[in-house]
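> Sequences listed follow chains A and B, in order. Numbering (numbering that gives the first Met the number 0) for the first sequence: 0 to 1080. Numbering (numbering that gives the first Met the number 0) for the second sequence: 0 to 234.
None of these hints come from the bench; they were simulated from the model. Honestly, I wouldn't trust all of these hints.
Label-pair distances were calculated between CB atoms; the ranges are [unchecked claim]: (1) B:61 / A:967: 57 to 63 Å; (2) B:18 / A:737: 55 to 61 Å; (3) B:25 / A:492: 33 to 39 Å; (4) B:175 / A:735: 58 to 64 Å.
Where a beta carbon is used, it is the ideal one built from N, C-alpha and C, also for glycine.
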Amino acid sequence: MRESASDRPLSEGHLDRALREAFARPSGLRPDVQLHDTSLPPESVCRVEAEIARGGMGIVFRARDPALQREVALKLLHEELSGDAAAVERFLEEARVGGMLQHPGVVPVYACGRTQTGRPWFTMKLIAGETLASLLAKRASPAHEQGRFLAILESVCRTIAYAHSRGVVHLDLKPGNVMVGAFGEVQVVDWGLAALLPELEDALGHGRRPGEVFGTPAYMPPEQARGDRALIDGRADLFALGAILCEIFTGSPPYPGGRAAVRQAAAEARLDEARTRLSSAGPAELARLCVRCLSEQPSARPRDATEIADGIAGSFAQLEARARGAEIAAAREGERARQERRARRLTVAFAATVLAVVLGGAALWTKWSMREDARRESVDSRAGEALGEAARLLGQAESSGDPGMYAQAVAATDRAQAMISTGEGSVATRERVSSLRERARAEESQARLEAQRARANAALLRRLEDLRTPGSEDAYPEDPLAREAGYAAAFAEAGLDPDRADAELLAAELLSRGIAIEVASHLDEWTLLRLDACLPGAERLQRLTQLLDPDPGRSAVRAAIASGSLEELGRVAGGPDLSRCREGTLHAFVRALPPSGLGHSEPALHAFRAAHRVRPDDYPVTIELARYAFNCGVEHVAEGEQFYRLAQALRPEHATAFLELGWELEHNDIDYAAAAELERRAVELQPAAGVAYFCLGRALRGLGDLDGALAAQAAAAHMMPGDRRPQKETAMLHRMTGALDRSIQEFASLLAHHPEYYLARSEYASALFDAGRTEEALAQMAQVIAGDERGRSQWEGVEGRMLLQSGSCVQAARILRGLQSDQEVSVLPLFAQGIRLQDYFDLDVLLARCQANAARAPANAEMQCQLAALLDASGRYAAALVAFRAGHALGMAQQAWRSPSSNWILVAEKRAALETRLVTLLAAHESPAAADDGLALARMASRKGLHGPAARWFAELFEREPARAAEPDARLEAACAAVCFSEQLPKTAQESARWRALAHSWLRDELERRGAEVRAGVATLEVSCALGAWEVARELAVVREADGLASLPATERAEWLASWSCASALCSEAQGRSLNSTHPR
Amino acid sequence: MAIMAPSFMADVTCWTLIECAAAGDRGARENFADRYLPLVRAYLEARWKTRLSRPELEDAVQDVFVECLKEQGVLERNRSRRGQGFRAYLLGAVRYVALRAESRRARTLDAARAEGLEPERLPDDEDSCSRVFDRRWAATIMREAAELQRERAQVQGAQALRRVELLRRIFQEGQRIADIAREWGLAADALHREHARAREEFSSALREIVAFHAPDSDGAVERECAELIELLGQS
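Just chain A, same shape as in the assembly:
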């Protein structure tokens, strides 16, 4: 390492900045919101008295409604969740559902609102009673009081049937969420996970954290356990009802084991063991009904909850009868036992009488035995109460997943254990205590682990979500290295390493966490990032994705993305698989589409639209589609605008969609007024966005508000000091206002700093040309052409115009004729100058191009006038008149419109009328009358290729009115007509030679006249242009070019050559004089 003594070490500030970058991770992480307020609803709503319960979402208090003097239950969202939009939404949804369902089986919601600090709450009826879970836990055996529990379940079914009829699905039915009141009233509680049926899949995603497996695994249908939201509907509740029925009959819900095992079993639909249990429990028909409810396929389950309720009611009578029979048998047995005991006591007493002296204590033993029975029953009862409490707490814990709640349940089992620790209590009670205690402990431990895992899941998914939209609405590719590091860091923080870990093990881990499909969606974006940026490891991610989400439809989409083949992408777009994709996969899909403008836009656009239909409210997809459509060409502009408007509606607070649409509308000359309005909106939303001011300035320029445009560009230049475009725009605006000196000064300053800014240099050249500084202008254009190979054609077009306008017609013709056929050239200045456009351009090609451009830019006045000029030059006068009128109307709406469009209209009207006269004359084989404008008619005939009539009319006119021959280009056009006519005649014919001679005489006369002008120093530029036109007039090629001259008689040929030499010399002389006298144009 070579260091000089003069080198200073890095400053601390520098080093800090370097270290921040060196160890940086992507931005966009949202800080955890911590609220420490303890606000409650106002006392006017309710006065809080005591906490009743606490769950994962919120706290339930007993409160008093002061207005109605009644006790209510107040549910308040946990303060730490107040900043969590998903949690708030879910909480409020519970209140909405409770308010919506008016049924005796649903706890009514009275009111809802938010505290002053934004914490949501709602009040509902305060329920006194026990949960079904608690009651089930207390019963001695599954056969005990089955009728009662079936009646409860029937009531629950009827309630659920009502809820489904109102479009509400519960999704967390279980004994713990069924309250049984003191008078036997049954209510289904805790609608916190409920969702509305019509938009179920969206609702399941909305308001919930991605990847969250909601519900209680032990009662969960397979589709819910797998997180397959597309399949979840009301039949999930039917499964849960079947699970409760299973528990009523067999003592346990369908899936055995601890929490993790239960969830796994639920996801895998392991129901054989439950079916085996059911086969020997309960009435056969109810067992069959239960098995149907527990079908893995939703379609195999009962039709609705009413069917289950009716099934229960139908078997109820039979069950009652059997139970009655059992009770009678039990009563008989009890009586028999009592009789036996009595008999034993009598026997003992008799023996005691006999053996009173020996067995005096026998009566005492009996008495002790009875006291022991009573004590045991008392312990059983108290332990049973404790167990009931423990079961209730365990039920609450299962729904909330809160480890703290599990700890309370464990404590309750400990209390029950303490009660029986002295050895009292029945064996059955001891066994129940032991079993419940073991279960509570196991589940507490599992819950802690799961809570930790859930936090890790949420954190991981949040980090990945942030990478998707890292703090900016702009969907342009972000810094790929930073994103790559962000993905790696996000997984690393979750203890995962997709690049090093075994893919199968990692997939198993993510599957067990229940976030497999969401993670797979994010991996799609990461994979595409690696493919795009040529970073290693894309294949590893693809393999992991496949393991996480083997869904064949989504796999097909992924394969298409990886292939990059438009055919493949189009194929999946046309099928159902795309609709099964999550956000990340869709984003990867649209990014994989090839950009527009490559000749296959339609299929790609079709695929893009298909992606948008899957997620029509996805902002990145919407705005990308808008950009794409605009890039596809004029026929998709309306569609592009439509999607920009949609993007604006989706994110009205973001400036990008406003700014970009304004840019497109302005830059494509579609609607300057709308463009200005959009840019103003962008400025309001993002006041520091210099580019918005820049775009606004351009739109105002299009509207002709040059002062406003100047002010906007000044603001843009201030905000974007390093950006050269505002300065260029400012210079152009000065030119448009006629302040040429200021414009030239501004351009010179700009180009001093940006010498390769060729666009500006060409504008600078135009400003110089306007100021009459032709040589400087041409020199600038030469620099542009030499320096910017890419835009060579465009610049040569500008140069050609300048040369033409300055009289260098031959040079101009060489350049302009050499341009590519699709090159746009502004011909309006040439038309205004009366230059014969057909000599320099292929009019057919130029006209076709201009028509397309004019259609694409309906608001561009200049474009419309250009079209009109080309139509006029092509002899289509009626169409030219229409276009001139349109251009004039647009131009007059602009403040800075200077083109003489009103004059052009007058001329066009005259020509259109003249065309009618022309047709009449030709049909009658007549010549123009004295009252006709013979010169105009002759010119028109010539332009239409009617050279014979034209030549004759020119001759007759010049004979009759010699002065008219001196009008601009009159002799030239007459000569052209005559030469063309001569070419139509046989070459050997005398007439052919005669017409050529006439043409020659006209040109000689014109030479004489122009020579006098040049010598007098009059109109030198106009002379040079006029004579220059001779040298390029296509019609005169046969008498000017070597090929044509060679076929003429020698004498005639010499005469022509002499005349051409004279014209060329005169033209050069005139041009030289015009360049020396600079004056603004």
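Keeping the supplied structure of chain A fixed, place chain B upon it in accordance with the hints.
This is chain B only, laid out in the frame that chain A set:
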């Protein structure tokens, strides 16, 4: 991004790497591509945004490397400019290829909006693209320095690795030294000294990375470092 081992860096410069790569050394070519390809790609993406297909972008990226390594390519033509540093050289190569691709596209495409590549039409212009490149360059250098520090620490042992972790916690996590000291059961004073040492190690690694890329800068390594760090502030 692959980083060469310290021992290798002691013997070569970036120009040596390019020479070797141009001569066909496979390892050098892979290293060259690993190191600089993301930079090239970032510049081209910023320049063309989504208006170019991935295959076209890839072609252009490869073109840059071909241009750098071929006979009579940019490398040959810019031998005299080596004193200006590798960054300028690489940026020049990238721009050259980009302009060539745009010309080719403008000439061959028969689309109504072939001028979509007209710089005036893009919200960004050349200056912005160059700034993207420069900023990315600077960021890459910083990260390479951190990576080099980490690699050295792996050789030196746990203490050195801990110093790297200390820097990460401070500059990535935003933790305070006092809190870290408490967590690690160390005295704050001792940790401050470790911090100072970690900064020196990073600084040394940074100088070495910069020197690798500007071997002809004749000792103005610190100035180059400072300029690079200034670039980090621009966007």
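> With reference to the structure, classify each hint as holding or not holding.
Do the hints match the structure? See the list:
1. Separated by about 59 Å at the C-beta atoms, residue 61 (chain B) and residue 967 (chain A) satisfy the suggested range of 57 to 63 Å.
2. Under the hint 55 to 61 Å, the C-beta atoms of residue 18 (chain B) and residue 737 (chain A), about 59 Å apart, fit the expected range.
3. For the hinted restraint 33 to 39 Å between residue 25 (chain B) and residue 492 (chain A), the CB-CB distance of approximately 37 Å keeps it satisfied.
4. At about 59 Å, the beta-carbon gap between residue 175 (chain B) and residue 735 (chain A) stays in the expected band of 58 to 64 Å.
No hint from the list above goes unmet by this structure.
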